[in-house]
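Now for the letters of each chain:
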Amino acid sequence: MNIIETSSLGKAFGGREVLDGVSFAVKKGEVFGFLGPNGAGKTTTLRLLLGLLEPSEGEALVFGERLADREDLRRRVGVLLEHNGLFDQLSARENLDYYGRLYGVPELQRRISEILALTGLEERADSAVGTLSTGMKRKLGLGRALLHEPEILFLDEPSSGLDPEAQRMVRELINEVSGRESVTVFLNSHNLDEVQRVCDTVAILDRGRLRAYDRVAALQENRGGVHFALTLADAGDITRAEGILASMEEVSRYWIEDGVITAVLLDGAAPAQVLARLVREGVLVEEARKTRRSLEEIYLDAVGSAEGGA
Amino acid sequence: MNPMLTVARKETAQLLHSRMSMITTAFLAMFFAFTAAPAVTMEDGSAAVLDQLLFSMVPVIGLFVGYIFASQIFLREKQQGVIETLLCTPLTVGELWLGKVLGATLLAWGMALGAAVLIIVVSGGNSGGLVLPSAPVIVHLAVVMPLFIAAGTGLLGLVQFILGLRQVQIVNVAVIFVLIFLLTFTRQLLNPETGITWPVVGGSFIAGVNVLGAVLVMGRLLNTERIVTSLP
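Just so you know, the sequences run in chain order A and B. The numbers in the first sequence follow the numbering used here, run straight up by one, and end at 308. The numbers in the second sequence follow the numbering used here, run straight up by one, and end at 242.
Note that these hints are calculated values from the structure, not bench results. Source: prediction; values computed, not measured. We put the beta carbon where it would ideally sit given N, CA and C, even for glycine. Some clues are possibly wrong.
[As the list claims (entries may be wrong)] Covered stretches of chain A (chain B as the covering partner; in silico rule of three or more C-beta atoms under 8 angstroms from a C-beta of chain B):
| no. | stretch |
| --- | --- |
| 1 | 41 to 55 |
| 2 | 87 to 96 |
| 3 | 235 to 246 |
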């Protein structure tokens, strides 16, 4: 069941098109990563889904409806945007209390205690938010978004500006929530490592258009042909191996990193063909294995191909 | 609790926590009170002078305090981006606006009443005996003044919500002066030189209701997309 869906979504500001024909769907319980460089249109898409903006074309639906028209459905959605949505002068507890009342959270004080425990902020519960560190504020922002036990969590760059330790804690919190509470997570990010670690499905947006969209594993397997890594028995053979790979039509590209040659084959080509040719030419291969592409490669490929086509 | 009242309660609490706002507004109220109070003692008919002073001066204090509070609860939340999160809650944009207006108005009204008490006490101290305002003036401060403060804060909030920061800087001050002009114009129209009578307060009440009504109608201009696209 699709819980979030866009179809041919477009948005223009004053005649300037920032989003064009974006279609994707997120299933219940999925962790969906929405990737793209700055200015790609990620935040605009998020705002359209949240009902903060009106689409110029197409639809942006959550629970099959436009959130802008449905206050009751907004109760079922948690949001952590670029800003934490917190009030500096109020304490952590007062902030949670305010949002809890807005969402009509039952047994609010018990729930606030749970959230403070989940975010590890029990000891700072009565401190003014303005006195908390950036990481603590982000965690409290995430806790605020979870306070009313939403079915969908929209996160916009949740670990932006955080140190690695705080990033890890935010990531663990997302994993915990999506795993334990079966919450659907829509993660807007350009932190590829974070997306790779937590997301099931990703969509890559660039200059207002969707460039790639699939399950992470499928993207790693399929996009751009088979990747395989070769370790040679004699490092002195690398130059000769390079020459052979360069001359083969089946090899679309290759690179060398730390003495390991990674070759990318064209669709339909088999690694055995390459191996056989190398052996025939007297290059001894110590190890050959198929590799999965990193999300970074997929991302750069998608964004890069868009640049090439522009 | 009604969501609008929840917002109002939070705004009041937040403003009370904001030391800078409270100090600035308390100073403003005291400054006006202390500079105005001596007028009561220097003229004959202290009670009539006090009435005039409370009728004209105290609502202006309330408007200025409302102006400072509006910047805290509308403009600051927009600058910090908190408003975007609030627009994702089950609140409607109208409830959010009205809740903020209610919270700021109650506190500004309280500060203005404090200034009124201060004027009465200081003038009483100077003249050697406490002079009390007439019943129409008390009703004016209790019922009419909050209408003008609410209209002022509401209009400022509306402007700060829907305009970009640059435009707000230009329009903000204009809004407050338009309201002071309306207040003065109402006063001139009612010609209270002979004293603050019930008809004067009644006329003032009708003016206040109309101004507030106009602002509430203008509230229809509120639009989520307009707010979001004018975020800094």
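How the hints compare with the structure:
no.: 1; hint: 41 to 55; in the structure: holds (count 6)
no.: 2; hint: 87 to 96; in the structure: holds (count 4)
no.: 3; hint: 235 to 246; in the structure: violated (count 0)
When held up to the earlier numbered hints, the structure conflicts with hint 3 and nothing else.
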